[in-house]
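Trainee: Chains as they are written, first to last, in my numbering: chain F, 3 to 544; chain L, 1014 to 1320.
Heads up, some of the hints might be wrong.
[Claimed, not checked] Short derived list, chain L residues pointing at chain F, Cβ under 8 Å:
no.	residue
1	Gly1049
2	Ala1055
3	Ala1059
4	Val1169
5	Pro1180
6	Gln1278
7	Arg1282
Because the hints were derived from the structure by calculation, they are not lab data. For each residue, glycine too, the CB sits at the ideal point set by N, CA and C.
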Amino acid sequence: MRGTAHARWVAGAAAVALAATGCGGGGSSGGGGNDAVLSSSWGDPQNPLEPANTNEVQGGKVLDMIFRGLKRYDPESGKAENWLAESIDTTDSQNFTIKVKDGWTFSNGEQVTAQSFVDAWNYGASLKNNQKNAYFFGYIDGYDQVHPASGTQSADTLSGLKVVDDHTFTVKLNQKFSSFPDTLGYAAFDPLPQSFFTDHANWLKKPIGNGPYAIESYAKGSQMSLKRWDGYPGEDKAQNGGVTLKVYTDNNTAYTDLLAGNLDLVDDIPASQLKNVKSDLGDRYINTPAGIIQTLAFPYYDKAWDTSGAEKVRTGLSMAINRKQITQTIFNNTRTPATDWTSPVLGKDGGYKEGLCGSACDYDPAQAKKLIQEGGGLPGGQIKITYNADTGSHKQWVDAVCNSINNALGNNRACVGNPVGTFADFRNQIGQHKMTGPFRAGWQMDYPLIQNFLQPLYYTNASSNDGQWSNQEFDKLVDQANAETDTTKAVSTFQQAEEVVRDNMAAIPLWYQNGSAGYSQRLSNVALNPFSVPVYNEIKVS
Amino acid sequence: MGRYVVRRLLQMIPVFIGATLLIFLMVNVMGDPIAGLCGERACDPATAAQLKREFGLDKPVWQQYATYMGNVFTGDFGTAFNGQPVTELMASAFPVTVRLTLVAILFEIVIGITLGVVTGLKRGRPVDTGVLLATLIVISVPTFVTGLLLQLLLGVNWGWIKPSVSPDATFGELIVPGLVLASVSLAYVTRLTRTSIAENKRSDYVRTAVAKGLPRRRVITRHLLRNSLIPVITFIGADIGALMGGAIVTERIFNIHGVGYQLYQGILRQNTQTVVGFVTVLVLVFLIANLLVDLLYAVLDPRIRYA
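Start from the sequences and build out the full structure, keeping to the hints where you can.
Mentor: See below:
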């Protein structure tokens, strides 16, 4: 009781003082503002919380709160904007000069300099640090010495990185890559303070960054409490006093807690509750597109799928899937039928082209049957769609897709699901090229660029080209697009490459995934960014 | 008696080795855990190889097992994939689950045995039929149904409890989850006690005690109950281990970060170190609980003590 009264008095005094001095600060965020803390659901991060080691949403959520990089993706449009970068200049799309803004510090008071970036990137790329996102630095010159494909590394630092002065550094890439600056908003490129290198174990216990929030306490596996960092110099100051992230093993429990008033924000509505969510929450339910697309990939290393007529079979299969019905009945419209291989969050200018897939993505059972017969029929007379059964309720939609295919072909045994027990085993089988038919593939973008939806997935030997699809024309177009300095031209060249993917039906696009969230009456101004993560710093608590 | 205890302790060694080896093999059969660490994309081969070396996954299974067992005897249970030592996970998980198990066992003893004695003494009366029917219902309804129902009614609709347990997991918060966890066993304890009491009620020593003119209360607690409790104690003893390991469902529903949660997480991520470590400790708990049960026999029945 006394505590609250006291805090209120301080806030009031601060407001009076600010009004008196006429110091408005940055618009509405002004001075003390709202000090209330909100609670939000969270999952236990899989890897240690290091910027270059975090590749899933839960850890990424925290990094997004405690770090700011050279660029930041606008939470609404997804556009990459300069944040800590004063300027990123290039004349040849291969050599970049990056100027870092002056006056930024980490929450422990240390200055953010060019060195903070170069050290962090060298750490992330170095093989001996086991960073799972190391390949993000693969474009930088010298990567193959720091992170060789096999054997031991012959250098500890990337030769392509040079510190010019306190606030300037240069980057030399090993190939032309015009959209390189736009990738720099990804968490792997965040700067790191000296304590990360000198006292790594302690840093991991309580990570220190340069973002709008600072970690107050972190009980691994159960809870993290973040407080607004008042020394934060950026424009996107936190509009609330802080966020308490609570680990939930089951999103159903989180949802129940939200209904009981025990939790403020849930950013993953359980599938089983989608029917009730509108009546439970009304307009406190958010369902917006995210940069996630689900596809069916094919094993091109299997001879049966690499025949000359197989693209007709694949196109036929695509036409046999009734996307609209499945997204409505199984996903309650939290997915949108896909009509291209990117995502609507890119926007028209970013490369999303509605209907690029054309009739190949329209449900047409008669044509589907015809095409599959022309292409030589299903390999082995039956296809098995492989998926992992442990998370994500994949069984339901795989069964529905198979049903749709079976109906179209008039054959009850044309398609069956092939569940794999755990995600690790699923990835393992994919990695060992053990797939014999189509398999579930999901792609969550790293950064909102059309390049990120195409190159890692379909370029020859690319990091996520799990089906080993290879097409010279596609590769050529991607190279061309990357070398293009004019963004509009680059995007349209990427779209041409996407048409090659379509004509060969390299993978069947299924649907775009939405982010879904629900929140309590205490909150307002809640939104999800294109990565389907809540924009925490803008949430207001009453 | 002393020799008996020593023999029982020696028996624990092969059980312990066999159980851990089995778990170790089972987790290893599931395939390469590193494959799942990099999300939807494949780890780059160099990093994957490096991680394998670090977790010792590049060696043959027997060698991994030998190293692991060697480390366990020095108290080193390895490191989980998120960089935390498994002992740290245990230190946070076991106290919570022990508290939950304690609450559940208390419910079993207090409610289960009381109901069992009452119904056993009043066989065929309406009380007996009522309790029998109730236990039948409890046994036939799965735990997750009871759990979710209580959570919804008490937590959301009536607001008596919080639907989820905080990281501190105090005894107060664990009452409802403990009741849910105990429910099925509680019903068994009731039925077991009832049968045992009803059977022994007609035995010679009870008749003798009554004939001696002992007060009813003394006959029941000292003579009848003491003998009738032997099967019940066997059941509760075995149940301690089962409750600790089987709390996965209850812990999930109420978001309790205990052993069940860590095991579930470990299996999902195929983290050998976590799974084997926790199961090793659970095996020990089972063994010790069984030993205690056997020792309790001797306390309850002198004939076993001198045999």
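Trainee: Now tell me, hint by hint, if it's right for this structure.
Mentor: Each hint tested on the structure:
1. Gly1049: 3 Å, holds
2. Ala1055: 5 Å, holds
3. Ala1059: Holds, because the Cβ-Cβ distance from Ala1059 of chain L to chain F comes to roughly 5 Å (cut-off 8 Å).
4. Val1169: 5 Å, holds
5. Pro1180: Holds, about 4 Å.
6. Gln1278: With a minimum Cβ separation of about 7 Å from chain F (threshold 8 Å), the hint on Gln1278 of chain L holds.
7. Arg1282: 7 Å, holds
In this structure, every one of the numbered hints holds.
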